[in-house]
Amino acid sequence: NAGVTQTPKFRVLKTGQSMTLLCAQDMNHEYMYWYRQDPGMGLRLIHYSVGEGTTAKGEVPDGYNVSRLKKQNFLLGLESAAPSQTSVYFCASSYGGSSYEQYFGPGTRLTVT
Amino acid sequence: ELKVEQNPLFLSMQEGKNYTIYCNYSTTSDRLYWYRQDPGKSLESLFVLLSNGAVKQEGRLMASLDTKARLSTLHITAAVHDLSATYFCAVAPRRNTDKLIFGTGTRLQVFP
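Taken in order, these protein sequences are the chains called A and B.
The opening residue of the first sequence carries number 1 in our numbering; numbering runs sequentially from there.
The opening residue of the second sequence carries number 114 in our numbering; numbering runs sequentially from there.
What the hints contain is simulated information worked out from the structure, not anything from laboratory work.
Only true hints are included.
Derived DEER-like restraints, expressed as beta-carbon distance ranges:
id, chain 1, residue 1, chain 2, residue 2, range
1, B, Y135, A, S67, 33 to 43 Å
2, B, V168, A, S67, 35 to 45 Å
3, B, A182, A, E59, 24 to 34 Å
4, A, K14, B, K130, 45 to 55 Å
5, B, S139, A, E52, 29 to 39 Å
6, B, T141, A, Y95, 15 to 25 Å
7, B, G129, A, N28, 43 to 53 Å
8, B, H194, A, T15, 37 to 47 Å
9, B, K169, A, E59, 22 to 32 Å
10, B, G129, A, G53, 47 to 57 Å
11, A, K70, B, M175, 39 to 49 Å
We treat Cβ as the ideally placed atom computed from N, Cα and C, and that holds for glycine.
Between the sequences and the hints, there should be enough to build the whole structure, so can you do that?
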């Protein structure tokens with residue numbers, strides 16, 4: 001039981017490049033979330049999904065897109081990376097919304113130069 | 114706008130001392146979570162507080178929830194170096210049960 005995994009762990013992009021971050025969970029959770037964490041700003045919700053085939057915007061969605069084609073996977077895409085997107089990205093999942101605790105992946109450290 | 118505020122933001126304390134971290138929030142909520150994050154690591158769940166008056170304890174940490182005051186506390190008893198980490202509270206808003214709202218975190222440093 002791997003829990004929540006994220007791929008890749010580290011990535012360096014040049015401005016304007018695109019990439020996709022993959023989050024996978026093996027706990028059969030319905031809800032999945034993407035956060036970014038910047039120094040002194042805590043965790044900010046980018047997008048989330050309440051089930052397979054659904055997505056919704058969080059607090060800071062601009063510049064990101066997501067897809068949840070399979071229940072166990074939640075993808076975060078950056079179409080045209082900007083230096084402001086340099087951050088640590090965490091994926092999380094939960095059984096059913098805020099009534100249940102969220103389980104976090106190990107994080108992806110992204111640097112955009 | 115929903116706000117979750119933690120204070121202090123940074124806490125440096127000596128081993129053996131006691132201290133309390135506060136988490137104030139601006140919406141109605143019946144559920145609150147505390148997480149721990151070690152440097153460079155992910156977040157780990159510490160406590161789940163499910164109702165007004167809930168109190169949970171694990172080792173030197175004790176968390177409580179007062180939903181009327183919209184306040185949760187994380188009390189540290191006789192701090193040890195291993196408790197050095199960043200602690201986050203996260204609130205489940207009653208109006209939107211899809212997501213949690215995280216506080217900015219309290220960075221705790223325990224020195225000998």
